[in-house]
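Colleague: Assemble the whole structure, with the sequences as input and the hints as a guide.
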Amino acid sequence: MLCDLCKTKEATVFLTHLVEGNTQNLNLCEPCSQVHDMHDSMGFALADLLLGLGASHQIEKAALACPHCGFSQRDFKKQGRLGCSVCYDIFAEGLALMLRNMHRGVTHTGKVPRKIAAIYQRTAELEALKKSLAQAISKEAYEEAARYRDLIHRMEHTPAQQKENSSQALEEELLPPKNALPGAKNSHQ
Amino acid sequence: MTAESLSNKKNEWLFHSGPHAQIVVSSRVRLARNLEKRPFPGWAKKAERLQLMKEVQVALEALPQMKEAFSEQMENLTLLEKQVLVERHLISREHAEKSAGSALVISMNQTLSVMINEEDHLRIQAILPGFQLKETFALITQVDTQLEENLSFAFHRKLGYLTACPSNVGTGMRVSAMLHLPGLVLLEHMNKIINSVNKMGLVVRGLYGEGSDAIGNLFQISNQITLGEKEEDIIERLHVVIEQILAHETNARGVLRHQQTETLQDQIGRAYGILLHAHSVSTKEALNLLSLLKLGVDLGLFSLEVHALVDELFMEVQPAHLQKSSQLLKMTSKQRDALRARRLRETLEKIPPPGLNNNS
Ligand SMILES: [Zn+2]
Ligand SMILES: [Zn+2]
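If you're matching them up, the sequences are chains E and V in order. Each residue of the first sequence is one higher than the last, beginning at 1 in this note's numbering. Each residue of the second sequence is one higher than the last, beginning at 1001 in this note's numbering.
Hint data in this document are derived by calculation from the structure and do not stem from the laboratory. This structure is a prediction, so every number in the text was calculated from the model and none was measured. There may be inaccurate statements among the hints.
[Stated by the list, open to error] For lysine-lysine, the following BS3-like pairs were computed, each having C-alpha atoms within a straight-line distance of at most 30 Å:
id, chain 1, residue 1, chain 2, residue 2
1, V, Lys1045, V, Lys1158
2, E, Lys77, V, Lys1324
3, E, Lys7, V, Lys1037
4, E, Lys115, V, Lys1334
5, E, Lys115, V, Lys1230
[Stated by the list, open to error] Pairwise CB distance ranges (calculated):
id, chain 1, residue 1, chain 2, residue 2, range
6, V, Val1203, E, Ala92, 25 to 31 Å
7, E, Thr158, V, Glu1236, 35 to 41 Å
8, V, Asn1008, E, Thr123, 39 to 45 Å
9, V, Ala1138, E, Lys131, 53 to 59 Å
10, E, Gly70, V, Glu1075, 23 to 29 Å
11, E, Ala124, V, Lys1046, 41 to 47 Å
12, E, Ala92, V, Ala1062, 33 to 39 Å
13, E, Thr158, V, Ala1247, 21 to 27 Å
14, V, Val1203, E, Thr158, 26 to 32 Å
15, V, Gln1259, E, Ile116, 56 to 62 Å
16, E, Tyr120, V, Val1255, 49 to 55 Å
17, E, Thr158, V, Ala1138, 58 to 64 Å
18, V, Asp1233, E, Ala92, 52 to 58 Å
19, V, Glu1036, E, Glu156, 21 to 27 Å
Backbone N, C-alpha and C define an ideal beta-carbon position, used for all residues, glycine too.
Modeller: Laid out in structure tokens, this is it:
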């Protein structure tokens, strides 16, 4: 099993935390566990966690900077704040453990902005269609496959404003199992 | 609206007594929001902050809730004006220190306020009197959803709303209630309460001062965790805990009223005596004594009209409010203590001494 912190060395130290009555397991390698020991079990000092990583055995990462805003891990040590929203992806690895120790989980389960929710829905629909397409091809149902390919193509070329109504349109498309040849493309427009 | 008319206007959330207002003074929800791919305020250059500030100000002023709002850049406010806003909990101390590139938009009734370029691009706050967490959340959600139409908030598929500090990431939401808990303090139960609340991932601290040594027996309880829990669940958890504290405080007041009547009368009588006769009173002393008067009103030792007078004094005795009312540009703390004592005497003279039979 690899160390939860550096993900490079074998974990030899197994810790159990109690966070608000829930146990949380942390598997660390020897050097990481020493960094960890310096902090109290509830929360690692913010900066030290990010920088502590670099200091122990990921020195090359300390020089890592956000290509969007130029923020580096060293700046985090000074400020305790990140540079921009892109930084969350750039420093994702170091942040992951910090967030796990700070919060109840590592995944947001609450509100999603309406515009973004619409994009998520569309992506999910596209993925579902692509899956159906692959299935149709594998069972050699080419007419069906052509219909899915057509729907995918049309969805990928729908302008942003029409996206929100796309799910309803799709349902209508998918319900009647009528002739689904490429020519049927225009029948619903 | 001007800064002058803003500070002359009373705080709606302070003077309308909402549900359970005897114990829960106010309910507050704050959302941290940032614009996508723009450097956070602490990392942005001045020109970037100014540009963003203008964009956000325009978006805010267009909201129906912000009709005739107070909208001002921080550099155009005097130190005293900023301090008044801090005392009203409309801006943070950190924001009061900001100048060029930061701004502030406050709705006419002062229930909604937005700090632009504090630690995050937007810190949206809604505050309502009494125990109204759900109503406050509904109010702020409406504003947030409307703003989303015109502003692209930084949002991460996995981490939710992105904030300058990782401790706010996810919902970006901090829910809090201001509680007046003289009963639990007098019975020395506060440490126990604080410990058990902390175990639930919530934080209780003195509104002014630290830990159980809260000035004016005012405490703030809030959530700490913002990631991994839905907004509604955070609100619900806090709601349940506050209900329990409410019950404990009510209980404590009952014990004081019926089993420790003498202690209670002594404490409240002393508070009344000092406020009526003192010639120099610090903010801390004033708030502590006013807290006892407030308890006296709640327990029927004073007539009900006294409530509004005492609530008003809670705000009026604070340094910036006091100095503002004096019209003086400069005041030493000694002068302020003297003026504070005079204001207190003047008001207390209108209030008859406490007695256990005032209400019957
Ligand atoms: Zn390791
Ligand atoms: Zn960045």
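Colleague: Kindly indicate which numbered hints from before are broken by the structure, ordering the numbers from low to high.
Modeller: Result: hints 2, 4, 8, 9, 13, 14, 17, 18 break, sorted rising.
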